[in-house]
Amino acid sequence: MNLALSEEQEILKEAARNFLEEKCPKSFVKQMEQDEKGYSPELWEEMANLGWTGLAFPEKYGGSGMTFLDLCVLLEEMGRACLPAPFSSTVVLGALPILNAGREEQREQYLPMIASGKAIFSLALMEPELEYEPKAIAVEATPDGDAYVINGCKLFVPYANVADYLLCVARTSKREEGITIFTVDAKSPGVKYTVLKTMAYDKLCEVLFDHIRVPKEAILGQLDQGWPEVQKIVERGDIAKCCELVGNFQWTLEDTTAYAKERKQFDRPIGSFQAIQHYCADMATYVEGARLSAYQAAWMISESLPCAKEIAVAKSWINEVSPLIFNLAHQIHGAMGLTMEHDLHFYTTRAKPVEFSYGGDNYYQEAIAKEMGLA
Amino acid sequence: MEFTFTEEQTRFRKEIRDFLEEEIKQGLWKPSCDAWIQGYNPEFTKRVAQKHWIGLTWPKEYGGQGRSFVDRFILAEEMLRYGAPAACHWFADRQIGGSILKYGSEEQKREFLPKIIRGEMYVGLGMSETEAGSDLASLRTMAVEDGNDYIINGQKTWTSGAWFMNHIYLLARTDTTVPKHRGISEFIIPINLPGISRIPMIDVTGTEAWNDIFFDNVRVPKKYMIGEKNRGFYHVMEQLAYERSGFVRLMGNYALFDALIKFVNETKRNGKTLSQDTVIRHKLVQLQVEFEVGRLLMYKVALVMDEGQAPTVGAAMSKAYATAFEQRLANTAMEILGPYGLLWAGSKYAPFGGMAAHSYLGSKGYSLQAGTTEIMKNIVATRGLGLPTS
Numbered sequence: 001m002n003l004a005l006s007e008e009q010e011i012l013k014e015a016a017r018n019f020l021e022e023k024c025p026k027s028f029v030k031q032m033e034q035d036e037k038g039y040s041p042e043l044w045e046e047m048a049n050l051g052w053t054g055l056a057f058p059e060k061y062g063g064s065g066m067t068f069l070d071l072c073v074l075l076e077e078m079g080r081a082c083l084p085a086p087f088s089s090t091v092v093l094g095a096l097p098i099l100n101a102g103r104e105e106q107r108e109q110y111l112p113m114i115a116s117g118k119a120i121f122s123l124a125l126m127e128p129e130l131e132y133e134p135k136a137i138a139v140e141a142t143p144d145g146d147a148y149v150i151n152g153c154k155l156f157v158p159y160a161n162v163a164d165y166l167l168c169v170a171r172t173s174k175r176e177e178g179i180t181i182f183t184v185d186a187k188s189p190g191v192k193y194t195v196l197k198t199m200a201y202d203k204l205c206e207v208l209f210d211h212i213r214v215p216k217e218a219i220l221g222q223l224d225q226g227w228p229e230v231q232k233i234v235e236r237g238d239i240a241k242c243c244e245l246v247g248n249f250q251w252t253l254e255d256t257t258a259y260a261k262e263r264k265q266f267d268r269p270i271g272s273f274q275a276i277q278h279y280c281a282d283m284a285t286y287v288e289g290a291r292l293s294a295y296q297a298a299w300m301i302s303e304s305l306p307c308a309k310e311i312a313v314a315k316s317w318i319n320e321v322s323p324l325i326f327n328l329a330h331q332i333h334g335a336m337g338l339t340m341e342h343d344l345h346f347y348t349t350r351a352k353p354v355e356f357s358y359g360g361d362n363y364y365q366e367a368i369a370k371e372m373g374l375a
Numbered sequence: 376m377e378f379t380f381t382e383e384q385t386r387f388r389k390e391i392r393d394f395l396e397e398e399i400k401q402g403l404w405k406p407s408c409d410a411w412i413q414g415y416n417p418e419f420t421k422r423v424a425q426k427h428w429i430g431l432t433w434p435k436e437y438g439g440q441g442r443s444f445v446d447r448f449i450l451a452e453e454m455l456r457y458g459a460p461a462a463c464h465w466f467a468d469r470q471i472g473g474s475i476l477k478y479g480s481e482e483q484k485r486e487f488l489p490k491i492i493r494g495e496m497y498v499g500l501g502m503s504e505t506e507a508g509s510d511l512a513s514l515r516t517m518a519v520e521d522g523n524d525y526i527i528n529g530q531k532t533w534t535s536g537a538w539f540m541n542h543i544y545l546l547a548r549t550d551t552t553v554p555k556h557r558g559i560s561e562f563i564i565p566i567n568l569p570g571i572s573r574i575p576m577i578d579v580t581g582t583e584a585w586n587d588i589f590f591d592n593v594r595v596p597k598k599y600m601i602g603e604k605n606r607g608f609y610h611v612m613e614q615l616a617y618e619r620s621g622f623v624r625l626m627g628n629y630a631l632f633d634a635l636i637k638f639v640n641e642t643k644r645n646g647k648t649l650s651q652d653t654v655i656r657h658k659l660v661q662l663q664v665e666f667e668v669g670r671l672l673m674y675k676v677a678l679v680m681d682e683g684q685a686p687t688v689g690a691a692m693s694k695a696y697a698t699a700f701e702q703r704l705a706n707t708a709m710e711i712l713g714p715y716g717l718l719w720a721g722s723k724y725a726p727f728g729g730m731a732a733h734s735y736l737g738s739k740g741y742s743l744q745a746g747t748t749e750i751m752k753n754i755v756a757t758r759g760l761g762l763p764t765s
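For the protein sequence lines, the chains are A and B, in the order given.
For what it's worth, this note's numbering labels the leading residue of the first sequence as 1, then goes sequentially.
For what it's worth, this note's numbering labels the leading residue of the second sequence as 376, then goes sequentially.
Fair warning: there could be bad hints in the mix.
[Stated by the list, open to error] Pair by pair, the computed Cβ-Cβ distance ranges are:
1) 60/A - 401/B: 55 to 63 Å
2) 482/B - 324/A: 51 to 59 Å
3) 396/B - 2/A: 28 to 36 Å
4) 274/A - 480/B: 35 to 43 Å
5) 58/A - 380/B: 56 to 64 Å
6) 710/B - 190/A: 33 to 41 Å
7) 352/A - 480/B: 58 to 66 Å
8) 268/A - 390/B: 53 to 61 Å
9) 60/A - 477/B: 51 to 59 Å
10) 324/A - 576/B: 34 to 42 Å
11) 190/A - 380/B: 52 to 60 Å
12) 14/A - 383/B: 28 to 36 Å
[As the list claims (entries may be wrong)] Within a straight-line C-alpha distance of at most 20 Å, the following computed EDC-like cross-link-like pairs (lysine to aspartate or glutamate) qualify:
13) 658/B - 185/A
14) 675/B - 164/A
15) 187/A - 224/A
Worth flagging that the hints you see were computed from the coordinates, not collected in a lab.
Predicted model only: the values in this text are computed from it and were never measured.
Cβ coordinates follow ideal geometry from the N, Cα and C atoms, glycine included.
Isolated chain A (complex conformation) (with noise of 0.2 Å):
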């Protein structure tokens, strides 16, 4: 048993908060949450060129031959600078999908494309119903020749506005199951999308379908037996979500122990009264639970160790804690927390989102009830 880092991923660590500390202040962070695209395609490059976007993908793809852990270390900086980009709806939604389940021609086809920056994916899985299960796709791909016809409405797909491509995951088959993954053209004239506005400007979008024929070389893995590898998806974006969170997490706790051991009243600094105190070490211990949970499921799905119990207790333990964290950090804060002026609500809004992403909670309620044997 060893919980640290190796050498090589605290270096990788230390240039990666270097980089985005210089390349993504918060004036930028705020920017983006104005700006239509809601990233920078120069930026994007930079991140491509230092092999971020190719980290985890064999290098006959263009890639570096790192690990899925090796990445977690990268999306936990991320999380830590609120780097708005599409990098986790591109990487782990799209490019990780497509070499694990993806025939050959589509891995090369894709993949060093994702590895040097030209193309930006995401994956349009949840639909108005919102329900997690197979039967929920009402998006339908319906046979036409040796073609599909997609039809319907997707929602909360990330970064729609500036995908170059999409996986869709739609009906083909009456049968419950019968699911099926297309890698469908996102510039393509009937994929239409909006960008809905939330709390943390995470460029969430509708995406409607009209009519859009994709040859049947555009199904990612086998017809209709397509819900395993979502599962799949699922499960390696909600960890990469969480490693991203504990980022998130560990600047709010820095940042709420440094306001506590500066902001005086009573003539003493507040981190001194119990209360604050008690309220610190609580955040530290949500803290270090979401850390060990978030990176034993990154470090057994890097290896290929069966996990479906350690993923459902890392998901459940940070989604639990997470509006904790942030109760107590805007306690400790005061009102300044509260304000436009000062950094808290960027991490406050961020880390929202991920409780959504991309499970449901009774998914995985239903994973740890299997594993500890109840009835």
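Chain A is already provided as a structure; the job is to place chain B on it using the hints.
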């Protein structure tokens, strides 16, 4: 990073489980809550000693096994999972042996460690006093030099299991002229010395959980002082990190968790098992999540100890966390059992031997002993996060 155990550790865990399951199968004892602190069973301790499972981390030259703290935590985790009656050796194994190793003289190591390892030396803790609880440095029990001895006078309280302990670890004041933290020394003494008496204290579960121990002109040879005179407070702060760390804090009532899961799987109300009740299911899953996170916090502490450091902050954090978990677990059991949960052992209606009632009340002590939750959080805040004390 490697969130897993070595093959050898996995085999070790299996060996422990096989041993404990065989013991239960033979009817030698029954799993129970709090057996690590209340389970008096010298024969069991002897059998554990024969497996060489006491003093697992201590150097081989003193009869230990020189193994890692992760190994020791695996052992503790399994002992607790099965609710094994390990109280006789638990304290000496967990904290006293380590303290002797670090601060004791060569002679003391040679005298005490093999006795603990053989499962013959049971050490109770004489730290708290009626006026010295969280503020331990205010203790008043005196040890006055007299030739080759110290004469001890005073009173200790909250000593667990003193009726079966044969030694006592004692903190006493050896200098009244210096600031209070700097005038305290440590002793380990036989509990049957003339002048030592005790009064049992019955806790709210009806158990003889604690004792007041009285010292009336007790003559103690100087050789029983551990470590440097007047440095005892600093030594004990480190010892307490060992006392606070580990699986007892998370799994003291694991036997109840286990029984509860079986109960909800087997009990039907309104035509379905309780496990199918959405609210009950959710509560148990939530406990399991909290348990799993607690387990990670525990093993992280073991790793700190394996690096040779006292796990001051990690132990404080995990103790505050885990004792709160035990209380939630006990309360959830009560909620699920309803009025059946109120029944003591002995009632024909009491589910699993009255464990729920016992644990619901008994678990309230664990956020107090070995450092209150308030002190634990103070340590996390000041030592861990660097918050100022004034």
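Verification of the hints:
1. 60/A - 401/B: 55 to 63 Å: Roughly 60 Å apart at Cβ, these two residues keep to the hinted range, so it holds.
2. 482/B - 324/A: 51 to 59 Å: holds (52 Å)
3. 396/B - 2/A: 28 to 36 Å: The hinted range 28 to 36 Å holds for residue 396/B and residue 2/A, with Cβ atoms some 30 Å apart.
4. 274/A - 480/B: 35 to 43 Å: holds (40 Å)
5. 58/A - 380/B: 56 to 64 Å: violated (30 Å)
6. 710/B - 190/A: 33 to 41 Å: violated (54 Å)
7. 352/A - 480/B: 58 to 66 Å: Holds, at about 59 Å.
8. 268/A - 390/B: 53 to 61 Å: holds (55 Å)
9. 60/A - 477/B: 51 to 59 Å: holds (55 Å)
10. 324/A - 576/B: 34 to 42 Å: holds (37 Å)
11. 190/A - 380/B: 52 to 60 Å: holds (54 Å)
12. 14/A - 383/B: 28 to 36 Å: holds (34 Å)
13. 658/B - 185/A: violated (44 Å)
14. 675/B - 164/A: violated (43 Å)
15. 187/A - 224/A: Between residue 187/A and residue 224/A the Cα gap is close to 25 Å, so the pair fails against 20 Å, i.e. violated.
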